[in-house]
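**Student:** Each protein sequence line maps, in turn, to chains A and B.
Residue numbers for the first sequence follow my numbering, beginning at 3 and rising by one.
Residue numbers for the second sequence follow my numbering, beginning at 3 and rising by one.
What the hints contain is simulated information worked out from the structure, not anything from laboratory work.
You can trust all of the hints, since none of them are fake.
Calculated cross-link-like contacts (lysine-lysine; reagent style DSS-like; alpha-carbon spacing at most 25 Å):
(1) B:K54 with B:K26
(2) B:K223 with A:K223
(3) B:K272 with A:K265
(4) B:K26 with B:K41
(5) A:K272 with B:K265
(6) A:K73 with A:K41
(7) B:K265 with A:K281
(8) A:K281 with B:K272
(9) B:K265 with A:K265
(10) B:K281 with A:K265
(11) A:K54 with A:K26
(12) B:K281 with B:K265
(13) A:K73 with B:K196
(14) A:K196 with B:K73
(15) B:K281 with A:K223
(16) B:K41 with B:K73
(17) B:K84 with B:K41
(18) B:K281 with A:K272
(19) A:K281 with A:K223
(20) B:K26 with B:K51
(21) B:K84 with B:K95
(22) B:K54 with B:K41
(23) B:K84 with B:K73
(24) A:K41 with A:K26
(25) A:K73 with A:K95
(26) B:K223 with B:K281
(27) A:K73 with A:K84
(28) A:K265 with A:K281
(29) B:K272 with A:K272
(30) B:K223 with A:K281
(31) A:K281 with B:K281
2 protein chains.
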Amino acid sequence: MIRISIDVMGGDHGPSVVIPGLAKVAERRTDVRFLLYGKSEEVRPILEKHPKLAAISEFVHCDIAVRMDDKPSQALRHGRWKSSMWKAVEAVKAGQADCCISAGNTGALMAMSKFCLRTMVTIDRPAIASIWPTMRGESIVLDVGATIGADAHQLIDFAILGAAMSRALFGINRPTVGLLNVGVEEIKGQEEVKEAGQLLREAELMSMSYHGFVEGDDFGKGTVDVFVTEGFAGNIALKTAEGTARFIGSLLREAMGRTTMAKIGYMFAKRAFDRLREKMDVRKSNGGVFLGLNGIVVKSHGGTDDEGFAAAVELGYDMVRNGLLDRIEADLDLFHARHPKTMAARAAAEDDKE
Amino acid sequence: MIRISIDVMGGDHGPSVVIPGLAKVAERRTDVRFLLYGKSEEVRPILEKHPKLAAISEFVHCDIAVRMDDKPSQALRHGRWKSSMWKAVEAVKAGQADCCISAGNTGALMAMSKFCLRTMVTIDRPAIASIWPTMRGESIVLDVGATIGADAHQLIDFAILGAAMSRALFGINRPTVGLLNVGVEEIKGQEEVKEAGQLLREAELMSMSYHGFVEGDDFGKGTVDVFVTEGFAGNIALKTAEGTARFIGSLLREAMGRTTMAKIGYMFAKRAFDRLREKMDVRKSNGGVFLGLNGIVVKSHGGTDDEGFAAAVELGYDMVRNGLLDRIEADLDLFHARHPKTMAARAAAEDDKE
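Next up, chain A with everything else stripped away, as it sits in the complex (with noise of 0.2 Å):
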């Protein structure tokens, strides 16, 4: 039995989209159960809608629902303890769950993970994991925005971290990572993504295939499984491909709907259309996976509709189901095991900023 954390006030649209996309998951999965946190007025009335999601659900009232425009800050001073939000974290924390899922803000949710779950030991700071879409299948992209910049050894937390994700949800055994850089020769890159480069090639770990750089352009063909990168770059790429298949599909349309013979063309090709349009489908790749914490918080799209909100519960579901946390501490302490001087140096450098 996999028992899911909900925050339902969270996104654009709260519980009218959050309750039946938990409806739809309860349809196609049955060894889920879901702690539900939320306003009672809001909630009910919905969820009585849905008797069969009602029937595997516990539902707790909170008094407070983080807005999606609350700064982290404002979030924690009134939603610490007692938002819908902070409770869904909670569980998790309290073993009630097993993983938690909200459509909150982003840094709120964050925020509270921290602070609430706390990073794993030996790791510095948490990362977001997205899921993209690519030539090869789907490829594994942190950090797209927890924090800006990373030093060589976050980054090598990171490639460890996104390599069990690539492991827990796709069963690769062991996945190729990429440190995305720059490859105009002149400039060779950042001299943190350059150390990361060497203490992975160096390090030879058995739970990853260090593949050595990629540019933006290897997203697309998906080069490897597992892409590291710093949060600024990383979340500049994530948007930027989003916005670009969003001016393709605009384009696509308006020239689909110029011409009667390309309207012709377009009822012929209808069902080739709708094939593309599920590939592209973002609702389906939704979900950006807090990785670090004591804890798996998945954050699904504030816009997002019931069926990718589903999304996002299903790839908490999944990653319980294969044993994410279990698979990153294992690698972690092979790796520190390993790799001693990796913590002394961090200790130093630690040290050193004192």
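With chain A's structure known, arrange chain B on it following the hints.
**Tutor:** Only chain B this time, still in chain A's reference frame:
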């Protein structure tokens, strides 16, 4: 009369693409003259097939051609003073040409351009600007990879350079300028981006309208006329967009070729698809423009065909015709006359470094 110097040996295919590309320009523009630099035995036989081009060109033999995989330092060592790339850039410095086009390797071309032309007096670092198709038309993005990282003052330089290019190329009187940032509340963006934003807002420049921060998905929307960022994120974004477009193109081709119905549909809608392909034709926006130097240098994609090379040449032509360099100089003078503090602060920052 516009005089353009050409590194005929540059690019993956050298003279076999460059010469036919120039021949296309010669067909379309009457007031252009070329200075061609390359290896006589490779260039002459192809040039002879294009008498109209030959009639408006002067050819200069060079013993050395910079290779596509030369490192900038190698290229400078072997190619300075005598390679076709160097000679083409030097023609701009000597006043024999109004701008220079090369499809040779970016690092080498930038190194030679900096060495030969030098950066403008008030500019720390040159940038590479690229033209992106968007839902609204075309936008300028810089820096897409001249250097990694940029402080607030360098970002302001990029804004001034990009705005001048937008006015020269698209005739936009007061282009909108956005600073690329990440929207996640918690992280709030890089310090230098925030500082640049504040300075640009306070400066109230006549040459541009400062829009504020933009994110990765604003590229596709064309939210602003000029996107400003440092070279690492800019390069990642550019290549991510190119890779995403190729990925979707391949999905579309696959979808249209799978079933008989789809193939029939494709035949009916063929003209619509042709229009779409033309809109997405990367050749048309071929050309990275080096800004901030005492002269105009355009880098064509190394792997482009004759039509793509012609587009890069015509980009240089248009910028010369519209007085890009004079605009940049006037804008920089105006900015520094009104903001003497900026120069003083920059000088102080330089002193601190030493």
